[in-house]
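The chain contents come next:
Number of protein chains: 2
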Amino acid sequence: MGITIEVNKKSRELRVAEPESVSALQNGHYGVMRSGVIHLSPEEALYLMDIRNAKCYDEKGNELLFNDLARHLYSKKLMARYFTYKDWKDRGLMVRPVEEAKGNYGKNPMKKYPSGKFTSPKYSIEGVLFPDDLVTIIDDESVGRELYENYWFGQFGSYKAEQRGKLSKLDIYETLFMLKHCGLHLKNSNERKIRRYVKGLRSDLPYMYEVYEDWRLRGFILKTGFKFGTHFRVYFPKASPTKTGEDWVHSRHVIHVFPRRNRMLISEWARAIRVAHSVRKTFILAIPGAKRKAKAKLDFLLYHRKNGGVETPGKDDPTFVMLSLSEEEHIGGGELAEAIEAAKKLGLDLILAISDRETSVTYYRVRRIELPGSRYEYYEIEWEQP
Amino acid sequence: MGITIEVNKKSRELRVAEPESVSALQNGHYGVMRSGVIHLSPEEALYLMDIRNAKCYDEKGNELLFNDLARHLYSKKLMARYFTYKDWKDRGLMVRPVEEAKGNYGKNPMKKYPSGKFTSPKYSIEGVLFPDDLVTIIDDESVGRELYENYWFGQFGSYKAEQRGKLSKLDIYETLFMLKHCGLHLKNSNERKIRRYVKGLRSDLPYMYEVYEDWRLRGFILKTGFKFGTHFRVYFPKASPTKTGEDWVHSRHVIHVFPRRNRMLISEWARAIRVAHSVRKTFILAIPGAKRKAKAKLDFLLYHRKNGGVETPGKDDPTFVMLSLSEEEHIGGGELAEAIEAAKKLGLDLILAISDRETSVTYYRVRRIELPGSRYEYYEIEWEQP
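Chains as they are written, first to last, in my numbering: chain A, 292 to 677; chain E, 292 to 677.
So here's chain A without its partners, still in its complex pose:
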């Protein structure tokens, strides 16, 4: 026999009272039981109608189809919530409203990165900035070579052919960093001027620099991530461009900078992660900028697999908390930071669930990174197949 849902059109309450249905739903961990009646959430009711052939009637006995009920219950992002809820359920896993969360589950540890120290070169360094191209060129061959070999600043000679040519080229982040920390002198500009120029050119550049500086000061080497579709690629402390053969270490991490004040289409944001994933790099998200009020409403508690079965509400703690998103919506850096912050308070890793235009759902897991000595947090974003 099918499940019958009663909707109270005024209170929006969704009830299942028929005893056989009640016990079936209890076993499936649907809804909340109060005095022998199951009270469903909107997503649960819609799911039962869509997948389990449940029927829905209002208090006057009129039948409501899926669209009727969905229109009646409509709230912001209902379909993004519904499609991501459905996908998790379809995998045989449990999901409950985030409102049921109890305290801090302690399942959200920080990943600690190694630390190093930056020591400044002691050369006298002189260059010329070409502002249109955001590049600084150093004429002095021996200084350029030393900066490249010992600090991996700039590109000496030619890319992957250092012996070809004798110039050194610094990008704009290297230029700013060396002006501030290495006594670089520019024949045609200075730090103050460049900072003003760069900020006028692109409002995100100062944030990009902030992230560059933060990692560089901790001994990491950051070079362009252009080939990996990202802002920076990262080498861990002590990496050097002169190591060869077995000593050569590939970069395994890339950094994407998403300032708090920026907004981005979810599809564009996911594209950046996707490239990193396709080249097997760990994608690190940086969210620089001053904290700002932003709304972050988490959506669902997610129960995952465990040895020999699945986690169950009541018996087990949830493992993740989900933010439901859809391909065509925008997300702000501040909003994302708030959601991560809210997940942290629950002691759960955040799962970003993105429903695309075909309602196929992609999951990204957010892990917090501790960069020793930094006052910022960074996040590893991993593609997750639940």
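You can trust all of the hints, since none of them are fake.
Since the list can't tell identical chains apart, any single copy or any two copies may satisfy a pair.
Subject to a maximum C-alpha distance of 20 Å in a straight line, what follows is the list of computed EDC-like cross-link-like pairs (lysine to aspartate or glutamate):
| hint | residue 1 | residue 2 |
| --- | --- | --- |
| 1 | K518 | E559 |
| 2 | K380 | E453 |
| 3 | K478 | E354 |
| 4 | K451 | E675 |
| 5 | K346 | D431 |
| 6 | K457 | D431 |
| 7 | K451 | D381 |
| 8 | K457 | D381 |
| 9 | K518 | E675 |
| 10 | K636 | E391 |
| 11 | K606 | E390 |
| 12 | K457 | E354 |
| 13 | K534 | E437 |
| 14 | K346 | E297 |
| 15 | K490 | E620 |
| 16 | K588 | D423 |
| 17 | K518 | E649 |
| 18 | K471 | E437 |
Don't read these hints as lab results, they were simulated from the structure.
Please arrange chain E on chain A, whose structure you already have, making use of the hints.
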């Protein structure tokens, strides 16, 4: 003996007069010969100084280093031009200023795509639009299934599990298309309202729709390209979601929509191509929107390889024309369209050469596509290793 370049600081002329150097440069196809003297372009002079140890003096006998000369000759994008020029030269290939182009070289054929025809379904179709999520849901199981199986409109049931569930979900482009061409009726909205809503939401959506409609009307099937980091994936006419096994045809093309009025960072633009490339799809660029005045200054004529050697200026025609770009600059859709138009007038495929922050250069080749019956042009963008 080294090459000596004389720069006239007033006229900015760059001359090499010493007979031995003159004949060496002639053999290398540098500069223009006039009365026994070679006249160099800025990029040529800088290249000779950087790579061939050439010395440069002004009319008073003062030596100029690379930076001195570059500052003196500085014009917009000089370094982007220089790095891309250098990279092509470093590959042993010839490159000449675009100003030397002579007429139409006839090396820029159009790639013709197959054509089909769209025939409208004859059902009565009713749905509800959820504006926040940009999705329309159809309750009627049999209509939804037929639209999916026979026209590949919407997602019936669940993604990759059509038998699971009975709803059909249309994305916003399918919704708009079916309102206009298939008599879709929405219980809670209409075409005019949605068009206004969508335009207010995101100014690029009407352009996305324009492209969707153009291909759909020619029998192609367009679905979300989310998994491939792009706007649409494309199936050729007669594709169907119900074909299985050997009859199933994967999409091999993706479409990225870059409206003329938009501007984009080169690094973001390249990222979109990179994802498509990593999943072995052909990347198709659409540049919709009204023509607008845009500056497009092409940079260099490129000579490529030929049987048993390389193409040579004077003897052979160039094969490509290059637009020099750098990772951190912006490009407008209009600007790009103008550059493609200018290349078309020369009868050459356009090469977009992008110098990244380490001066490593990536090349993308632009081929024109003819979509039969469309009044728009589209372009295949291919990664090119010269």
